[in-house]
Amino acid sequence: MKLPVGTLVTPEGTLELPARIRRIFLDGYGVLVFRIKNRFKTNVKSKDLDLWHVFTYGDFPPIQYNPETKKDETVSFDKQNDDLKKKLAKNNEAKMVIYNALPRKEYEIIFMCKTAKEIWDTLLTTHQGNSQVKDNKIDLLVQQYEQFTIPEEESIDNAFARFNTIITSLKALDEGFSNKNYVRKFLRTLHPKWRAKVATIEESKDLTSLSLDELIET
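Numbers 1 to 218, taken from the working numbering, label the letters of the sequence shown in order.
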């Protein structure tokens with residue numbers, strides 16, 4: 001039976017990952033694909049720490065303590081105790097988390113990967129870039145943020161959409177500024193014709209707690 005996309009298989013049963021977590025694999029929009037990777041991490045860790053260990057450090061090895069030699073030794077399947085077998089099962093469970101969530105076209109990227117860690121690292125590198133690529137993207141986005149301007153003829157909604165794209169892209173790369181900085185930056189960038197409106201907002205609102213969405217709605 002084919003399980004629903006985003007279903008995690010465990011010895012205790014099945015767990016359907018929340019829609020927002022499944023979207024980590026289904027968005028398909030460059031660096032934004034992994035804009036919620038931290039939520040994915042938190043969700044997996046909250047359900048099973050051993051599972052996240054596999055994503056982070058690789059497969060659990062078939063190693064078991066031998067009381068006779070007083071050493072950890074690699075053991076064959078028929079000699080593995082139940083605890084070790086359960087732990088080794090996490091290796092395949094971790095892969096199933098990703099396999100059940102990935103659209104078919106993504107298999108071309110990860111079909112050669114042997115472990116969940118390899119798959120996870122490959123997806124991150126593919127959609128987010130390696131360290132150098134990531135740094136270059138951040139530098140470019142920061143420059144776009146600092147040089148952001150709003151022409152007189154542009155609507156507030158359109159300007160906000162452009163501004164929000166820059167912010168979201170920075171967050172996807174684990175970079176960004178404070179919400180207060182975002183709000184003040186956007187207000188400073190508005191054309192002088194909005195000066196009276198800006199003054200009213202600064203006098204009537206607490207800019208340290210005001211969100212961008214709330215700003216646009218005022």
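Worth double-checking, as some hints may not be accurate.
[To be verified] What follows is a set of in silico ranges between Cβ atoms, one per label pair, in the way DEER data are often shown:
no.	residue 1	residue 2	range
1	Thr122	Glu73	29 to 35 Å
2	Asn81	Arg162	44 to 50 Å
3	Met112	Lys45	25 to 31 Å
4	Gln64	Arg162	23 to 29 Å
5	Phe111	Arg188	34 to 40 Å
6	Glu68	Glu108	46 to 52 Å
7	Thr122	Thr208	37 to 43 Å
8	Met96	Leu212	36 to 42 Å
9	Ser46	Tyr107	48 to 54 Å
[As the list claims (entries may be wrong)] With a Cα cut of at most 30 Å, we get these calculated DSBU-like pairs of lysine-lysine:
no.	residue 1	residue 2
10	Lys193	Lys45
11	Lys47	Lys105
12	Lys85	Lys134
13	Lys134	Lys185
14	Lys185	Lys197
15	Lys79	Lys117
16	Lys180	Lys193
17	Lys41	Lys114
18	Lys105	Lys71
19	Lys87	Lys134
20	Lys180	Lys134
21	Lys41	Lys71
22	Lys41	Lys134
23	Lys137	Lys193
24	Lys137	Lys117
25	Lys85	Lys71
26	Lys86	Lys45
27	Lys87	Lys71
28	Lys134	Lys117
29	Lys87	Lys137
30	Lys45	Lys114
31	Lys41	Lys70
32	Lys114	Lys87
33	Lys105	Lys180
34	Lys205	Lys171
35	Lys71	Lys137
36	Lys180	Lys86
37	Lys171	Lys197
38	Lys105	Lys70
39	Lys205	Lys180
40	Lys85	Lys70
Derived by calculation from the structure, the hints in this document are not laboratory data. Note that beta-carbon positions come from the ideal geometry of N, C-alpha and C, so glycine has one too.
Hints and how they fare:
1. As the Cβ distance of Thr122 to Glu73 is approximately 32 Å, the hint placing it in 29 to 35 Å holds.
2. For Asn81 paired with Arg162, a C-beta distance near 59 Å fails the hint of 44 to 50 Å.
3. For Met112 paired with Lys45, a C-beta distance near 27 Å keeps the hint of 25 to 31 Å intact.
4. Taking the beta carbon of each, Gln64 and Arg162 are about 57 Å apart, not inside 23 to 29 Å as hinted.
5. Restraint check, Phe111 to Arg188: a C-beta distance of roughly 49 Å breaks the suggested window 34 to 40 Å.
6. For the pair Glu68 and Glu108, the supplied restraint of 46 to 52 Å holds, since their beta-carbon distance comes to about 48 Å.
7. A hinted range of 37 to 43 Å holds for the C-beta pair Thr122 and Thr208, which are about 41 Å apart.
8. Checked against the hint of 36 to 42 Å, the C-beta distance between Met96 and Leu212 comes to roughly 38 Å, which is consistent with it.
9. A C-beta distance of roughly 28 Å is found between Ser46 and Tyr107, which places it outside the suggested range of 48 to 54 Å.
10. Between Lys193 and Lys45 the alpha-carbon distance is near 50 Å, which puts this suggested pair outside the 30 Å criterion.
11. Of the pairs offered as hints, the one joining Lys47 and Lys105 holds, with about 28 Å between alpha carbons and a cut-off of 30 Å not exceeded.
12. Among the hinted pairs, Lys85 with Lys134 is inconsistent with the structure: their alpha-carbon atoms are about 38 Å apart, more than 30 Å.
13. Pair hint Lys134 plus Lys185 holds up; C-alpha atoms about 24 Å apart against a cutoff of 30 Å.
14. With a CA separation close to 15 Å, the supplied pair Lys185 and Lys197 stays within the 30 Å bound.
15. Proposed proximity of Lys79 and Lys117 is supported: the alpha carbons are some 26 Å apart, at most 30 Å.
16. Note on Lys180 and Lys193: the hinted pairing holds, with a Cα-Cα distance of about 23 Å set against a maximum of 30 Å.
17. Our distance criterion of 30 Å between C-alpha atoms is met by Lys41 and Lys114, whose separation comes to about 20 Å.
18. Distance restraint check for Lys105 and Lys71: the Cα-Cα separation of roughly 45 Å exceeds the 30 Å cut-off, and the hinted pair is therefore not satisfied.
19. A C-alpha spacing of about 34 Å is found between Lys87 and Lys134, which places the hinted pair above 30 Å, so the restraint is violated.
20. Note on Lys180 and Lys134: the hinted pairing holds, with a Cα-Cα distance of about 25 Å set against a maximum of 30 Å.
21. Note on Lys41 and Lys71: the hinted pairing is violated, with a Cα-Cα distance of about 33 Å set against a maximum of 30 Å.
22. Taken as a hint, the Lys41 and Lys134 pair is honoured in the structure, with Cα atoms around 20 Å apart against an allowance of 30 Å.
23. Of the supplied pair hints, the one linking Lys137 and Lys193 is violated, its CA atoms being roughly 33 Å apart against a limit of 30 Å.
24. For the suggested pair Lys137 and Lys117, the alpha carbons sit about 24 Å apart, so the restraint of at most 30 Å is met.
25. Between Lys85 and Lys71 the alpha-carbon distance is near 19 Å, which keeps this suggested pair within the 30 Å criterion.
26. Distance check on the hinted pair: Lys86 and Lys45 sit about 17 Å apart at the alpha-carbon level, within 30 Å; holds.
27. The hinted pair formed by Lys87 and Lys71 meets the criterion: a straight-line CA distance of about 19 Å does not exceed 30 Å.
28. Taken as a hint, the Lys134 and Lys117 pair is honoured in the structure, with Cα atoms around 20 Å apart against an allowance of 30 Å.
29. Proximity of Lys87 to Lys137 is assessed by CA-CA distance (about 38 Å); at most 30 Å being required, the pair is judged violated.
30. Proximity of Lys45 to Lys114 is assessed by CA-CA distance (about 22 Å); at most 30 Å being required, the pair is judged to hold.
31. Straight-line distance between C-alpha atoms of Lys41 and Lys70 comes to about 36 Å, which puts the hinted pair past the 30 Å bound.
32. Using a Cα cut-off of 30 Å, the hinted pair Lys114 and Lys87 holds, with the two alpha carbons roughly 17 Å apart.
33. A C-alpha spacing of about 40 Å is found between Lys105 and Lys180, which places the hinted pair above 30 Å, so the restraint is violated.
34. For the proposed pair Lys205 and Lys171, the alpha carbon gap of about 25 Å is at most 30 Å, so the pair holds.
35. Pair hint Lys71 plus Lys137 does not hold up; C-alpha atoms about 48 Å apart against a cutoff of 30 Å.
36. With a CA separation close to 48 Å, the supplied pair Lys180 and Lys86 exceeds the 30 Å bound.
37. At roughly 29 Å between alpha-carbon atoms, Lys171 and Lys197 fall within 30 Å of each other, so this suggested pair holds.
38. Between the alpha carbons of Lys105 and Lys70 the distance comes to roughly 48 Å, so the proposed pair goes past 30 Å and is violated.
39. Of the supplied pair hints, the one linking Lys205 and Lys180 holds, its CA atoms being roughly 12 Å apart against a limit of 30 Å.
40. The hinted pair formed by Lys85 and Lys70 meets the criterion: a straight-line CA distance of about 20 Å does not exceed 30 Å.
In this structure, the hints that do not hold are numbers 2, 4, 5, 9, 10, 12, 18, 19, 21, 23, 29, 31, 33, 35, 36, 38, in rising order.
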